[in-house]
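Be aware that the sequence shown starts at 1, since it is given in the working numbering, and climbs by one per residue.
Keep in mind that the hints were calculated from the coordinates and are not lab data.
For each label pair, taking beta carbons as the anchor points, the in silico distance ranges come out as: (1) 69 to 369: 17 to 25 Å; (2) 333 to 273: 46 to 54 Å; (3) 369 to 311: 17 to 25 Å; (4) 120 to 42: 49 to 57 Å; (5) 157 to 275: 26 to 34 Å; (6) 69 to 187: 35 to 43 Å; (7) 257 to 121: 34 to 42 Å; (8) 202 to 339: 43 to 51 Å; (9) 273 to 190: 31 to 39 Å; (10) 183 to 325: 30 to 38 Å.
In this text, a Cβ means the ideal position worked out from N, Cα and C, and glycines have one as well.
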Amino acid sequence: MNIKLMNKIAKVGTDVFGAAYTVSDAVEAPDAIMVRSAKLHDMPINPELLAIARCGAGVNNIPVEKCAEAGVVVFNTPGANANAVKELALCALLLASRDVIGGIEWALTIEDKENIAKEVEAGKGQFAGNELSGKTIGVIGLGAIGGMVANAAKSLGMKVIGYDPFLSVMGALHLSRDVKLVDSYEEIFKSCDFISLHVPATKDTKGFINEKAFSVMKDGVKIINLARAELVNPDDMKAAIDAGKVAKYVVDFPSTELVGYKNTISIPHLGASTAESEDNCAVMAAHELVDFLENGNIVNSVNFPTVSVPHSGGTRICFTHKNVPGILAQITTALGENGVNIENMGNGSKGEYAYTIVDTVDTITAAVVDKFNAIENVIRVRVI
Numbered sequence: 001m002n003i004k005l006m007n008k009i010a011k012v013g014t015d016v017f018g019a020a021y022t023v024s025d026a027v028e029a030p031d032a033i034m035v036r037s038a039k040l041h042d043m044p045i046n047p048e049l050l051a052i053a054r055c056g057a058g059v060n061n062i063p064v065e066k067c068a069e070a071g072v073v074v075f076n077t078p079g080a081n082a083n084a085v086k087e088l089a090l091c092a093l094l095l096a097s098r099d100v101i102g103g104i105e106w107a108l109t110i111e112d113k114e115n116i117a118k119e120v121e122a123g124k125g126q127f128a129g130n131e132l133s134g135k136t137i138g139v140i141g142l143g144a145i146g147g148m149v150a151n152a153a154k155s156l157g158m159k160v161i162g163y164d165p166f167l168s169v170m171g172a173l174h175l176s177r178d179v180k181l182v183d184s185y186e187e188i189f190k191s192c193d194f195i196s197l198h199v200p201a202t203k204d205t206k207g208f209i210n211e212k213a214f215s216v217m218k219d220g221v222k223i224i225n226l227a228r229a230e231l232v233n234p235d236d237m238k239a240a241i242d243a244g245k246v247a248k249y250v251v252d253f254p255s256t257e258l259v260g261y262k263n264t265i266s267i268p269h270l271g272a273s274t275a276e277s278e279d280n281c282a283v284m285a286a287h288e289l290v291d292f293l294e295n296g297n298i299v300n301s302v303n304f305p306t307v308s309v310p311h312s313g314g315t316r317i318c319f320t321h322k323n324v325p326g327i328l329a330q331i332t333t334a335l336g337e338n339g340v341n342i343e344n345m346g347n348g349s350k351g352e353y354a355y356t357i358v359d360t361v362d363t364i365t366a367a368v369v370d371k372f373n374a375i376e377n378v379i380r381v382r383v384i
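Can you make the complete structure from the sequences, with help from the hints?
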């Protein structure tokens, strides 16, 4: 198996692959790709390519739909960098509350070094801030990162309100019982001193922090955005800052419109930039690829469903196909017509696409695979 590295990937991750793998940035016809930030939208998809693993949560740099159409499974690593982003979110909360950056910059301008202590005591008042304890924070998105931020904010003595229309059972179980869950964005907008964003940029969330949202918020609200720049309408944010509606905006994605703008702190995308996070993401991505390439199992894919079946031995047939009525019946009928007995089976769907695993003790010839590939709405058939 050939694994192409599109970025520098932590060695602890590439070491997961055994001797049967060639892992390099020079691979020309990869079976799988590992990537961090490299943009793949213009990259041709070679016929051998089975999977792409993003060492991180966001997949904006990958043509996800194009990959799905070609039967290429795209993985990400949710939660692997959660602690790193959570810690930066805590830093962002403090930077929004206390003018630490302004104070540091001012201290560098003091020329009278002999009397610097006196100068500091005389001038420090202009950088006074507020404490977090007792303030109310709204956390929008309570996944791996948002849940950790909510719990950490609670431990700092903050009142925490959370909203997530897609909160999973596992996410709810890990959430502090003291976090108050609400049913809408508006409930957070109207009652919080701080708002922290932890949702992906989708057609429903792009620009949802806008003039309408600001009109509901408290005056002097502080907004933390370590998720995606696209969540916030930059022109509306500037207007809200000018009007005093937003006291501070801390964002991990510097933009042309807002970098250097007053009361805006632009961090150069450091959310997951820790050695530990990069290691965690690389290891998780590598294990996802190994399990898929060797066993056909899919876990943490963004374009195909989770289907993980214990391998009962013999031959495993993996069908990547469209999620349309009757497709499973066509597959099982084709298996029977070609003398293939199903020993074990797993199936799942995600949007327009689906995935089926079949275990059998029967031999599968190339001619039989060709018949399976000829089934309408089957994208790819792989025999392991």
